[in-house]
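J.: Top to bottom, those sequences are chains S and Y. Anchor point for the first sequence: position 89 equals 72 in the working numbering, and the numbering is continuous, going up by one each time. Anchor point for the second sequence: position 129 equals 112 in the working numbering, and the numbering is continuous, going up by one each time.
Bear in mind the hints are in silico, worked out from the structure with no lab data behind them. The beta carbon of each residue, even a glycine, is placed where N, CA and C say it ideally should be. Heads up, a few of these hints could be off.
Selected chain S positions facing chain Y (Cβ under 10 Å, derived; list incomplete) [unchecked claim]:
| # | residue |
| --- | --- |
| 1 | Glu4 |
| 2 | Asp85 |
| 3 | Leu118 |
Just so you have them, the derived chain Y footprint on chain S, three or more residues with Cβ under 8 Å [stated by the list, open to error]:
| # | stretch |
| --- | --- |
| 4 | 49 to 59 |
| 5 | 72 to 78 |
| 6 | 130 to 139 |
Protein chains: 2
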Amino acid sequence: MNTLKIIKIGGNIIDNSEALELFLSQFAKLKGPKLLVHGGGKLATKLAKKMSVPVKMNEGRRITDSDTLDIITMVYAGKINKNIVALLQANNCNAIGFSGADGNTIVSEKRPATTIDYGFVGDVKKVNTNTLKVLLENHIIPAFCAITHNKSGQLLNTNADTIASELAIGFASIYNTELYYCFEKNGVLEDIENDDSVIENINTESYKTLKDNNIIFEGMLPKLDNCFHAIQHSVQKVCIGKSDMLFNKNTKHTTITK
Amino acid sequence: MNTLKIIKIGGNIIDNSEALELFLSQFAKLKGPKLLVHGGGKLATKLAKKMSVPVKMNEGRRITDSDTLDIITMVYAGKINKNIVALLQANNCNAIGFSGADGNTIVSEKRPATTIDYGFVGDVKKVNTNTLKVLLENHIIPAFCAITHNKSGQLLNTNADTIASELAIGFASIYNTELYYCFEKNGVLEDIENDDSVIENINTESYKTLKDNNIIFEGMLPKLDNCFHAIQHSVQKVCIGKSDMLFNKNTKHTTITK
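Work the whole structure out from these sequences, hints included.
T.: See the structure below:
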């Protein structure tokens, strides 16, 4: 089986044009089938403020009313995604930008309102790899933004980490699939103040202990839940760290194992 | 040779959500390979006003500074394109949204500044059909917005009519290619006030006469220039009219011939 690398980048790269250009030039050189997933960074919040659309968050997650969905679609699928595609093409990487609506690749369901109504936020129900497989076989590189659809014409805002893990799971029966979460730290840290305190390996058992001891908390929890979800569903390799881990073998990072 | 239909829609459909939904449900049912190109409608101007970005036009063409390019990319490639893709998917039409950067499908060159500097506006230099051909053979329907790139990382605002004609010319050696320009009138009119006065056929010779007699003028000239450019470069059929011409054989429209 061929190896497929699924690489997710976040705000620390997207919000810094120099970092983005460097990352994309390195990504372009990676050999073999690969797929990029990008988050939204701070641009959507900036645009919302400019347009006087109130920004509402709950536990770090954006509450997505109709105006906010428009903004997210414009920023994620428009400005960020198309600039990434143009930069990849400049580096001779034949990218095509995707939302989950394109090629019906990711179908999600609007999250039901409970005590909190997240609005047009989607939870992934199904990943269709057929079209993406045709592209990958033709050396075309899909670049995903964090938007999906419900197959009934409604776009939905969806967590980029989740999109990356669900795509990885979807491909795990076709490729030897590796999932890389790139973020601003060297990995999961023993001491959040010390970037050298990388925990190089976390498995299901040590994850429980780390949570019980409050060493892993808050924003890292959903990220790690996505990692374990992937590794428990046949994804071969899951890593978290700075994007350098992809390009330099000696870069310390965290590897997730069963 | 298979027949490929390239269909361009403009503001009269895009700016009216009911008209857009109806058109897309009909487009979805069209048999055989097909490709959609959409313009931008009035949304970009509305967003520019909301964001206090001045709108500058010259002879009906938008002068595209850096802020305006961002707006256009957000509106055309983001909001409009992804909503069209989601609506097509809801109608079981397996669409993927494209700019010219995606798959390096349309390479353009920034228009040189002369007496007027149009800014980030691109004139098409090359159409690459390889990737699109793979998609069409796999029953995937490309839906293009009016943005291209220069293959060096720069997105460029490009006329949607031109994108449609250049794509048609690019495919003319592979498919029996038909190009349909859908707009708000029944076709090219003898009397602009009378929608029944459709000129059913225009050829190179009669075009000259119609121009000389000021029957065709202003906005129709670049549209017809695109039509003749296509028909002179092996495109098999070029038609102008209301979108009904695609779905109802008896709909009057204008056909362009050599």
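J.: At least three residues with a C-beta closer than 8 Å to a C-beta of chain Y: is that true for the stretch 49 to 59 of chain S?
T.: Holds: 5 residues of the stretch 49 to 59 of chain S have a Cβ under 8 Å from chain Y.
J.: Verify this for me: three or more residues of the stretch 130 to 139 of chain S with a beta carbon less than 8 Å from a beta carbon of chain Y.
T.: holds (count 7)
J.: Are Asp85 (chain S) and chain Y close enough, Cβ to Cβ, to be under 10 Å, as the hint says?
T.: The hint holds - Asp85 (chain S) has a Cβ within 10 Å of chain Y, the shortest such distance being about 4 Å.
J.: Next item in the hint list is Leu118 (chain S). Is there a CB on chain Y closer than 10 Å to its CB?
T.: Given a least distance of 8 Å, the restraint on Leu118 (chain S) holds.
J.: Check whether three or more residues of the stretch 72 to 78 of chain S sit with their beta carbon closer than 8 Å to a beta carbon of chain Y.
T.: holds (count 4)
J.: Is the hint on Glu4 (chain S) kept, meaning its closest Cβ partner in chain Y is under 10 Å away?
T.: Because about 8 Å separates Glu4 (chain S) from the closest Cβ in chain Y, which is inside the 10 Å limit, the hint holds.
When held up to the earlier numbered hints, the structure conflicts with none and fits them all.
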